[in-house]
Structures are given as structure tokens and as C-alpha cells.
Amino acid sequence: MSPTSVRLRRGAMVAVLAGTLLTPVTAGAAPAAVPAAFAAGPPSPSPSESDVRSLSPDVTRQLDASVRRVMREAHVPGVTVGIWTPGQRSYVRSFGVADKATGRRMTPDLYTRIGSETKTFTVTALLQLVDQGKVGLDDTIDKYVDGVPNGHEITLRQLAGMRSGLFNYSEDDDFFKALTSDPRRPFTPQQLLAYSFRHPVLFQPGQKFSYCNTNLILLGLVVEKESGQRLGDYLQQHILDPAGMKDTSLPSGSQFPRPHAQGYTDQTANGKVAETAGWNPSWGWAAGAMFSTLDDLGIWAPTVATGELPDGKRMISRATQRQRLITPATPIPGVGYGLGIFNVHGWIGHNGSLPGYESLTVYLPATRTALVVVLNTDTGHDNQEPSTLFGQAITRIISPRHVFDLPAEPAAR
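Mapping the sequence shown onto numbering that gives the first Met the number 0, position 347 (from 1) lands on 346, and the numbers just tick up by one.
Just so you know, these hints were derived from the structure itself, not from any lab.
Any given hint could turn out to be false.
Here are the computed distance ranges between Cβ atoms for each label pair [unchecked claim]:
#	residue 1	residue 2	range
1	Arg197	Thr59	26 to 36 angstroms
2	Gln190	Asp404	32 to 42 angstroms
3	Asp246	Arg67	38 to 48 angstroms
4	Pro330	Thr187	43 to 53 angstroms
5	Pro185	Thr267	45 to 55 angstroms
6	Ser251	Glu274	35 to 45 angstroms
7	Pro330	Ser89	27 to 37 angstroms
8	Gly311	Lys133	21 to 31 angstroms
9	Asp172	Asp381	41 to 51 angstroms
10	Pro185	Ser53	25 to 35 angstroms
11	Gly333	Arg183	38 to 48 angstroms
Every residue, glycine too, gets a C-beta built ideally from N, C-alpha and C.
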């Protein structure tokens, strides 16, 4: 993994899909079926040993030991893990330090930057506009944004499903230089798109899966245009407040509420580790600039996976949610990607990574289990994202039939 790379891109789940795998998904590839548990609302089966293990004292000890092992091996300063299954004992534990300089402990109440998990919120906003009849998933992007290469062919569905063929702005060398030379500088959506649009398209729309932050910047602009609201205001009013997520927001600049963990990254101009809590995440905007907390992400895991708010009201209509959860295959066996959401061996959700922070928020519908991991470094270990290492270690214990297991690739720039 290159030390001079910018990983907002994908969230750890996403990052693995481009560089090391050979066979692209073609436009004609058959999509995976929508999980039956989602076809008629939230699933209701009782948890079973075959799907998720009860968090007995013995299982809890195994989890503690496994998390600490990953921390040691991957040199992670601090991590917090939350596991919730209805009718079962929950698991919420913090390990290590939030700040290496002061020794302040990692705790479950800390704010964290969630990187590419932001994509799930932006796409949710888009799908709400679909339900309102303001946009159509098969509209082409040129209806809403001018100047997009192949804009007359690329649909909103292809943007949300990472099959547009557009160049990822965060892989542009000049963008990387601009970001690392002054990590506190702001970027506008138009500046980000300019880095992308000066590159030729990579392939015709729909030909392949190719994770791309540019797609979400465009969808954020669509939401703003058709809702008449700033993206952050729309998310607050129509998604975060109805879900009761009081500690989650898309900031307009570098705002980061306290208490928060210090972040640590080697994605710097000189490759040396730097502290990142004060960096400006505006370069991720609709693709990765949000912050949240463990508890809020624990709310979001079932909400985004089912389209149902905690009070039982629909966030997304059942029909639109079914479309979201059609997850065509990616080059990785057992992994599909729908409309801003993953299906990884049965775990539905997304994760995020940007300099100094990683997160993982996934949901297992068979048992209604939510798993959230947040940590304060994005520095890889043996070409693995640290959030992936934690996800793999935890699910090997709690859901051995559904292991969150992804290979890694050199990070996108």
C-alpha cells in the first residue's frame, strides 16, 4: 500500500475491488437476488447458532482477545466495537488510546469521521427524491449537471452503483499534491469534478464495476438541485432527524465536535505519520465528509439496510429499497454492490476510510445483527485495511457462516 495515497475513496470494503482482481463485471451480468429478508420489510427470524453466536462471557472473551490481537499486529492506536442483536446481550467495548500524545483513552462516546459511509446517506437522499418523483434512476446525469463526460449516457443508477466509467478525482496526481500540501484547505464540488473531467472516461457506462468518488459528487449536486436545499441541510431534515441520529452531520467545513479521537495517517506529502483531526474533509463532500458516533452508526446499520426508520415509518419505499438491494456481482466472490451499499457474504452496509479514520457499519438481516467498528488510523497492515481486519476477526467469531472477508489492493490516489 503506497504511503502517498488518498483513501477516502471507498471505505475499506470498496478499496479492495479495483487493483488486484482480473475479471470485470460486464453490463450484462446477472444481478444477485434481493435478500428475501428485505422483500417485505425487516426480517424477524429468531437468531440461531448457525447465523450468529450469542455473546456469552466466553464469546465476549474471544472478541476481546481478537480485537486486541488485530490492534497489536496492525499498530492501531484505538478502536471501538459495537455489536447488537435483538433479544441478545450487546457488546460495546473500546480499546487503546484516542490520543497518543496525552494517553487519553478511546471511549464509545467519541465523534469520528466516517469517510465513505457518507455515500450511503447521499444515495438515500437520492432515493427519497426518486420516491417523490423528482428524479428517475434511469435519468442521465446531463439532465441535471452540465459538462459531464458521457453525461448523455450515464444514468443516476450507474453513478450510485459505481458503474459510470468516470475517472476518480481522488486518483489525480494534481489533486493529491493539492490536498497533501495543505490538508486544511477547502475544496468545492466543482473543483473536485474538474480533476476528474480532464481525464478520458475509463469505459462505457455499465460495462464494469469501478469505485469512484466522482459519482457521489455528481449525485450530491443532483440532490441539491432537485430538493432546493444544501446537501447537509437535506440530510439533517429528511434522514438524520427522522432516524434520531443527533450526533451525525455533513459539515460545511472542517467542523469536528468534541470529544473526538485524534486521527493518524501516513497519507502525507512526505510519507511520515501525521495527526489529522484538524484536516478539512470537504474534499470528500457527498462521497466522504460526514462525522458520526458509534451509537448513531448502530442506528444507521438497520435503517439503511431495511429502508425503515426506528419508529417503523419508511425512510425509502419498499419498491425503491428493493432496487437498492439488487447487488450485482463484483470481481470478488461473495461480494455485490447495489445503489450505494454492499452485500459482503450476507452483511449489508458500507464502510469508510479517509486520512486518520476508518469505520465499518454492516447489518446481517437473518438475525438483525448490527456491527459497527470505528478506529483512529487508516494506515494499512500487510496490504490490508485495518477496518477490514477487525471486521474479519469479529465475524469469524460471531457469524462463522458469514465472514466479512475481503482481499485488499493498493489504495486509490
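Numbers of the earlier hints that this structure fails to satisfy, in rising order
Result: hints 1, 3, 4, 5, 6, 9 and 10 break, sorted rising.
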